[in-house]
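Start from the sequences, fold in the hints, and give me the full structure.
Number of protein chains: 2
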Amino acid sequence: MITHKDKEVTEKKIEMEGADKVLMRILIGMEEGSNDIIMRYFTIKPGGHTPRHIHSHPHIVKGMAGRGVIIDGEGKENELTEQMSAFVEPDEEHQFKNPSDEDFSFLCIIPNPDK
Amino acid sequence: MITHKDKEVTEKKIEMEGADKVLMRILIGMEEGSNDIIMRYFTIKPGGHTPRHIHSHPHIVKGMAGRGVIIDGEGKENELTEQMSAFVEPDEEHQFKNPSDEDFSFLCIIPNPDK
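As they're listed, the protein sequences go chains C and L.
Residue numbers for the first sequence follow the working numbering, beginning at 8 and rising by one.
Residue numbers for the second sequence follow the working numbering, beginning at 8 and rising by one.
If you are wondering where the hints come from, they were derived from the structure by calculation, not from laboratory data.
Check the hints yourself; a few may be wrong.
Which copy? The list can't say, so a pair holds if one copy fits it or any two copies do.
Pairs of lysine-lysine residues, derived as BS3-like cross-links and limited to a Cα-Cα distance of at most 27 Å, are as follows [to be verified]:
hint : residue 1 : residue 2
1    : 104       : 14
2    : 52        : 12
3    : 83        : 12
4    : 52        : 122
5    : 14        : 83
6    : 83        : 104
7    : 83        : 122
8    : 104       : 19
9    : 104       : 28
10   : 20        : 104
In structure tokens:
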């Protein structure tokens, strides 16, 4: 078993094209021995966003702090707060945005794409 | 895409032998279309605990509120707070306990055992 403080995990800026003001920590992943499921903690700064993109794996999402939106495959904005959770289907185009003036944080859990 | 308020998901008491004062919501699971990964939100009331048990799937864990412990395969107590995350290995005996006087809540994410 591994337990650790989330703050002890290195936070990295996402440099992917189309991403702006997005930070990520891999809370539990292959380094912790989890080969099948990866739990990432994202923070999007005010005005920031992830790329609008599509891939074959789903996202299991839990709002953690602040208030943001997930844009779904039809372009509709869906609110996400720390009181909420979400599921992004495989092969559904999507994007996370933070239109607020406070940090927006959420967990985004995926099957290991490298396996 | 599905988004919902966590409170709108039915909370059920865990009736498993060895469980005491444990409540669970399936935040994202097969009902939401997630066939591979299940995200459950557990609350253990003060003095409560899950069974000490063992199974072949891992647990990806995120502390959400309060303060509890996870007992690992060697019987050691590992603190878990909302600032922390944890990984319980496949086939590792484990138990969650709440020795505090406030509710202890955490996410426990698993590969779908019914698949």
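Same-copy or cross-copy closeness of residue 52 to residue 12 [CA-CA at most 27 Å]: both (22 Å within a copy, 23 Å between copies)
Homo-oligomer pair classification [residue 104, residue 20; C-alpha up to 27 Å]: Close inside one copy (15 Å), not across copies (36 Å); limit 27 Å.
Intra/inter-copy verdict for residue 104 and residue 28 if alpha-carbon distance must be at most 27 Å: Within one copy only: 10 Å inside a chain, 38 Å across chains, cut-off 27 Å.
Alpha-carbon proximity between residue 83 and residue 104, which holds within one copy, between copies, both or neither at 27 Å: within (12 Å within a copy, 41 Å between copies)
Intra- versus inter-subunit Cα pairing at 27 Å for residue 83 with residue 12: Between copies only: 18 Å across, 35 Å inside.
Intra- versus inter-subunit Cα pairing at 27 Å for residue 104 with residue 19: Intra 18 Å, inter 33 Å, cutoff 27 Å: intra-copy only.
Up to 27 Å CA-CA - residue 14 versus residue 104, copy category: Answer is both: 23 Å inside a copy and 23 Å across each meet the 27 Å cutoff.
Status of residue 122 relative to residue 52 across identical chains (alpha carbons, at most 27 Å): The answer is neither: 31 Å in one copy and 38 Å across copies each exceed 27 Å.
Intra/inter-copy verdict for residue 83 and residue 122 if alpha-carbon distance must be at most 27 Å: neither (32 Å within a copy, 31 Å between copies)
Intra- versus inter-copy proximity for residue 83 and residue 14 (alpha-carbon distance at most 27 Å): between (33 Å within a copy, 23 Å between copies)
Violated hints, in rising order: 4 and 7; the structure is consistent with all others.
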